[in-house]
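J.: Below are the chains, spelled out letter by letter.
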Amino acid sequence: MYRNRPEFNEKMKELNFKPKSRLREFFGEMFIAVNAFVALIAIILIFVFIFKEAIPIFTDSEIREEVTLEKMTFKQEFYEGRDAKWSWQPNSEVPKYSLLPLFIGTLKAALIAMLFAAPLGIGAAIYSSEFANKRMREIIKPTIELLAGIPSVVLGFFALIILATFLQNTLGLTFRLNALNAGLALGLAVIPIVFTVAEDAMTSVPHSLREAATALGANQWQISFTVVLPAALSGISAGIILGFGRAIGETMIVLMASGNAAIVSTSLTDSVRTFSATIASELGEVVFGGGHYTVLFFIGSLLFVFTFIINLSGDMILTRIKSRFQGKIN
Amino acid sequence: MKKLTWIIMAGLLISTVIFARSSITIKGSDTLVRLGQRWAEEYMKKNTGIVIQVSGGGSGTGIAALLNNATDICEASRDMKEKEYKLAEKNGMKPYRVSVALDGIAVFLNKKNKVHNLNFAQLKGIYTGAITNWKEVGGNDARIIIYGRENNSGTYSFFKKKVLNKEDYSDYTQTLPGTAAVVHAVANDKNGIGYGGIAWAKGVKFAAVAKDKDDKYVEPSINSVSDGSYPISRDLYWFFDGKPTGEIRKLVNWALSEEGQKIAEEIDYVPLSKKRALSSLVE
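Protein sequence lines correspond, in order, to chains A and B. All residue numbers for the first sequence refer to the numbering used here, where the first residue is 765 and numbers rise by one. All residue numbers for the second sequence refer to the numbering used here, where the first residue is 85 and numbers rise by one.
These are computed hints drawn from the structure, not numbers from a lab. Every residue gets a Cβ at the ideal spot worked out from N, C-alpha and C, and that includes glycine. Every clue listed holds true.
Chain A is nowhere near these chain B residues, computed Cβ spacing over 12 Å in every case: (1) Trp90; (2) Glu125; (3) His200; (4) Asn201; (5) Lys289; (6) Glu303; (7) Pro328.
Below 30 Å or equal to it, Euclidean Cα-Cα: the simulated DSS-like pairs (lysine-lysine) are: (8) B:Lys198 to B:Lys295; (9) B:Lys165 to A:Lys816; (10) B:Lys167 to A:Lys835; (11) B:Lys167 to A:Lys816; (12) A:Lys835 to B:Lys250; (13) B:Lys245 to A:Lys835; (14) A:Lys839 to B:Lys208; (15) A:Lys839 to B:Lys245; (16) B:Lys174 to A:Lys816; (17) B:Lys250 to A:Lys849; (18) B:Lys246 to A:Lys849; (19) B:Lys170 to A:Lys816; (20) A:Lys849 to B:Lys245; (21) A:Lys835 to B:Lys165; (22) B:Lys208 to A:Lys835; (23) B:Lys170 to B:Lys327; (24) B:Lys219 to A:Lys849; (25) B:Lys208 to A:Lys849; (26) A:Lys839 to B:Lys250.
So that you can see chain B by itself, here it is in the shape it has in the complex (with noise of 0.2 Å):
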């Protein structure tokens, strides 16, 4: 009797070293993290012996989580900080950077607004608080309310640089926790401003937006960021710790595929151009 248990507990033991499964942990970007757990649903789906956890919490999260070896992809809606970069040499690490989809960010007015263009100058000018009225960029006589994110949030950052030139926004600017809470905030004030990604928007309406008074305004669409012509766009990357190998490598390469790319596009990421998405296929 002795024996058999011990057969039947060396059989366990053998099996889950056999059986034993890989495991990929993903973190950190909030846009990211429903794009992540996505590809990580389908692809277990695809490969039953690899089990991939993906958790949110913010790219400053999942950078340092790479950083202290807590991850083995970190998803970021940024590139790594100088400091990021310096404090992984520090930490003997080569991150390695790439691009697996795009992200347009998209400037909500009220569905009630007349102003449809706003260009960068007159963007800027209303979130650094130069521009209060709505009939200094052609709109009814009203007080602009502007909404934005925390400064903890990737968006608030990348918004900043890109239009605001790195200058400040204005004291005024209502910061909301999440894109949900400004795209609701924006819906129900009639003189509202908002920004945030494309796939939030509900019951607000686009604004064309163009870089120059003089160039043509285009709408937030797939299709528009997707070939680089609204201007407010940014890449979304997957950082390692140096280039990666085996079943990580395989699980990037997926994502970059034809497959990869279309389930971004169902969820409303915007996916690579095919060229790119070429280009960014780790050998």
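Pulled out of the complex, with its shape left as it was, chain A reads as follows (with noise of 0.2 Å):
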């Protein structure tokens, strides 16, 4: 269509398309190649090194004597004669590696962050995208962004400082550290993460469909919610699914707001330790090669491969709704 148009001739010929050295386009492809395969590398052999330190649980025999998978698991009598329970206590004499309290730490501490992040991102999308005129669509959607740009050492330090003290005086919590202050600091980090995966795919939601519901009669409020909204449902799930993501694998913000203690325990208004916090306390100072040391990373693997897989499929959602709107699929 475009050839047709002398403009689009005119301007071929001032670009001046020849082929001026075949070698140089070849060196020039391989550079740009070698680039994109070192990003691509660095993180298969990050896989693999975390992988190879977290195998000899399963092999080396010694390591085996200290920990199992079955220990990692399960209640252990730890002491003879007192009740068997879970346990992280890794510097003991008799050394306690149990992963359940880090694993309920971790998932309170995300599931609060979404509880909190996810309405509020959310509502923030809809309200940016479907109703906020121009002027303040340009006001929220930087500054909400902006909320990602803090660093999270800045988002924990602020929770330890101020947020705990307010959340202990207003709610009389007995822990002044807990997963409610942790949770809520992390649902910051999170609320961006949230908000422009949804905004994104609230936006990109066809003008025809728009249009569309306008022709039929219907006003701002049912166009919004009845037909932006189901058809960019897939697209906000998206975004909660990358939001719980980075609130599973993020550090600072926990293991400075939620007290780092290892309790077994349903209340939220207990202190928590996760994952992530674990590693990034313990790791500088354990025996190289020895079984804390492997126990770190097993749990890097574990972190790695659950993050992987939520980020694997918010991205696939993202993408078949990409496909979807253009028209490829269906």
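Starting from two chains that each stand alone, build the complex the way the hints lay out.
T.: If you want it as structure tokens, here you go:
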């Protein structure tokens, strides 16, 4: 279509697209390809390294005396005559490596973060994409996205100093640093992810849908909630999933705000210790290649697999929507 | 012209050799890093030919660096572990240890707390989770909230060994990154208890501690740690590969001198008693 226009031909002449040197193009292409593969190889190498360090749990007999998959999963009777329990005490005379307290802690903090961040992020996205006028939108969007740029150590410090005191005073909590405190701070880091993805999903709903609804006599509210929102639903869920991935992997905020006590309980106002915070605080001073070291890498592998699956499924949903709106599927 | 350039270049080369500064690296304990830096600063002022680089990272990190020949002096708030001594032997090293200062581990309480005296048995009960209410040690009827350090900290290990007889900390111990965070938490938590170096206390009160319940309860202070009457104290060390000689030996002996120890006291470390400092000197 464009090719028939005279402007196009002129432009092409101006640009003078004649291959100057095959060799130069070849090396140029090689250079760019190498750049792309460096990132890919780096990820694969990290993947291999983490798994390699975790494998002795299954193979090394010396380490298996100290820790096995079974010891990490089930209740253990650590001292004769005392009740069996789950306990994370790696520096003890009798090292205890139950992962359950850490798993519960990670889940508690991430779930609270999502309960806080998902409604806020989605609400903001609906307002910004559907109801806000252009000027308002230009204020809201960058401001929320700015939240993503705050270093997590700053959010953690805020939760440690200010949020914790506020929560304890208003709710009368026993523990100053707890899952609720960490979850809310985590939520602040998750909101921009949910918002950005959900907002993109809603603005990319094709105009034809809105136009059709308008033609049928729908008002703005009806268009937003009965047409756009359902159409963008999978995009919104992708935002939630990606946000959840961040909440599980985030380290600094939970390290500072959660209290880091490895407790098995259902209360959301008890202190929690998460996987990521455990690695961050303990890996610095473990005996290289020892049982504790191997367990930390095992936790690292678990986190890697969790976040990988979560992010992959989020991305897959996003790709599917894109192709659906472009009419490639269905 | 060319000749002149050569002469200048040769001159530069020779001058760098002649005025070469000998450099000493110090690495290790975060507890000691402030003292190491102060000593280095003062020492460099007096001896212009020497460059001293000081960095922290933790006792374990420092010891690892010493064993890998990555530092001349290792600062540590604990002795080397058996495993580390073995590793040193394997690397053909003879670690040499010098106590350079003392450190008292204070027990912090909230200022509103009625409790003032605690003995080792009570501290052990609180930190292992056997005692959970303040009324059991003479305070209000309220749950005890325990704060501690992360398990990679030298202070964590020391407190565990000295007060807990190596038993495990209670699962409910909230571990925080750094003594400053512990102090802040206790200052804001009226039922909180924490431990850490004396110099860090701000907005909290010290518990007076006794080893046995009939002993005299002593508050931590520079004097009570220095004369040994405060029961939770430890030595802070410098480790070397073999007995130090030359510039390093001069630096150590200066740090142990009256002048060096006075600097330690100025920035809230506990100096060695005169007798101990004299006996620590490297011949």
